[in-house]
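Following the hints, complete the assembly by docking chain B onto the known chain A.
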Amino acid sequence: MLEDVFRDEWGRVLATLVGLLGDIELAEEAAQEAFALAAERWPRDGQPQNPTGWLITTARNRATDRIRRDRTLARKTEQLGRELRDLPEDPMDDTATLPDERLELIFTCCHPALALEAQVALTLRTLGGLSTEEVAGAFLVPFETMSKRLSRAKRKIREAGIPFAVPPAHALPERLDAVLAVIYLVFNQGWGAGRVDLASEAIRLGRVLATLMPDESEALALLALMLINDARRHARFRDDELVLLDEQDRSLWNEKQMAEGRALLERAMALGAAGPYVLQAAIADLHVHEPRDWEQIALLYGTLSRLTGSPVVDVNRAIAVGEIDGPEAALQILDSLDLDDYRYLHSTRADLLRRLGRDDEARLAYERALELTAEGPEQRFLSMRVAELPAPSDRDE
Amino acid sequence: MRRPFVYKDNGKLEKGPHMKYALLAYSREETSGERRTREMHAGIAAVLERPNVDGFVRLQSAESATTVRLEARRTLLTDGPFVDSKEFLGGLILIDADNLDGALAVAAELQELDLTAAIEVRPVFEQELGSA
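These protein sequences, in sequence, are chains A and B.
Using my numbering, you'd call the opening residue of the first sequence number 1 and step up by one each time.
Using my numbering, you'd call the opening residue of the second sequence number 1 and step up by one each time.
Keep in mind that the hints were calculated from the coordinates and are not lab data.
Built from N, CA and C at the ideal position, the CB exists for glycine as well.
Take every hint as true, because none was put in to throw you off.
Each pair of labels, with its calculated beta carbon distance range:
| no. | chain 1 | residue 1 | chain 2 | residue 2 | range |
| --- | --- | --- | --- | --- | --- |
| 1 | A | 142 | B | 72 | 36 to 42 Å |
| 2 | A | 116 | B | 38 | 41 to 47 Å |
| 3 | B | 40 | A | 32 | 49 to 55 Å |
| 4 | A | 168 | B | 40 | 28 to 34 Å |
| 5 | B | 126 | A | 25 | 17 to 23 Å |
| 6 | A | 151 | B | 92 | 28 to 34 Å |
Restricting the straight-line Cα-Cα distance to at most 30 Å, the calculated cross-link-like pairs of lysine-lysine (DSS-like) are:
| no. | chain 1 | residue 1 | chain 2 | residue 2 |
| --- | --- | --- | --- | --- |
| 7 | B | 20 | B | 86 |
| 8 | A | 148 | B | 20 |
| 9 | B | 86 | A | 156 |
| 10 | B | 20 | A | 156 |
Next up, chain A with everything else stripped away, as it sits in the complex (with noise of 0.2 Å):
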């Protein structure tokens, strides 16, 4: 249970620290050691009617002794330790007084002068309060890598100062997309065995981002979206392997977490023009309304399409369009991308020659897509649609 309250407030003392001390490092030994005093303390002495104030007081304090403690360190920051010996040394019990910095916080580690794996590593330690060793673990790196990519990101943020702020309006749409797409990388890491639950840590950093930003449509969308999808984990796989959208059990399907997607998107929509994810989240939402409305898909698509002007938006668009003219015209539109490394592409491509008999196409498709694809329960799903496949014609030597 102190686990729960840790994970929460992690971001928040973490953030108000570095707005405190001016460096990420430092806020961060200091929340690490304010952190195990509370764990050592709480369960023996109960715990204090404002956890977030005392663990921001305690931490401050501790990087006020380290200050004064470490001479190195109090020639660098001379300045700031006689700053801070100001502060006032009782605990803070309002709350309200202490900025909530967190939006400052994922700006910064979002800050597109560093690296995006980076900024990915960052967001999850600083914001998601995963361990060093956890975001390694979820990004299969060794924990020597992430440590080293870690330390890099802070000491770049450091010495290139970049700004611990939310960007001026100006910036902000172009600085904001990169935070909603370092999010939505993590959630589509998704969740293997054993590992952190990533598609999770998205949703709970898109929780913080929306209730952060609430007048932010992309932001309120992002999070509609993945809770649209994520709802849909547990019907996903059988036994393991992939079950289409179409022979998924919908009784499976989280419909409280829909619901709450929907009513973002609701929201978002209302908010005026719509985004890249305002669309993706729409179209989210028609998928799992039955029967199906592929025209407002499509069309949906096709705006989507426009306003990013991605490829891989354009093989989701010819699937809808499959479905409302054929799959020739699905094809077609498939034929005119120049999108060969892409995975999802083969599969299309393969699944639309297979409905239309042409199966020695199909199979080649299909055997391109699975080149592309790791082992896994996709790739176990398209070998068995090769299977299924009749016999090879015979084919001229």
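Okay, now just chain B, sitting in the frame of chain A:
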């Protein structure tokens, strides 16, 4: 980061110190037709006149460079720039900015003039020249 450190009575944090950045402007390979000239582009000149600009140098053409190395304890001279690439360092501008975003904005503005191949933004150690 450069988070303002000064904690005010009202609970607000006061603006912190500035940072210095070097903008390293890389030019595209020069063709014999377009030699580097002494005259400066008006767009660049306008940026260089701003108060946040600490100083700048414009380098003459890369082919006028001589590179000095030490090899087997002997000084070795070669004709041409150290890094032999299509792009070469054409100039360096020192600016003051609140943080990286401020420096990046100036770089983006210069880059929009379409005279440079790319601009590298590097923080500078804070010490006065000659104070070491």
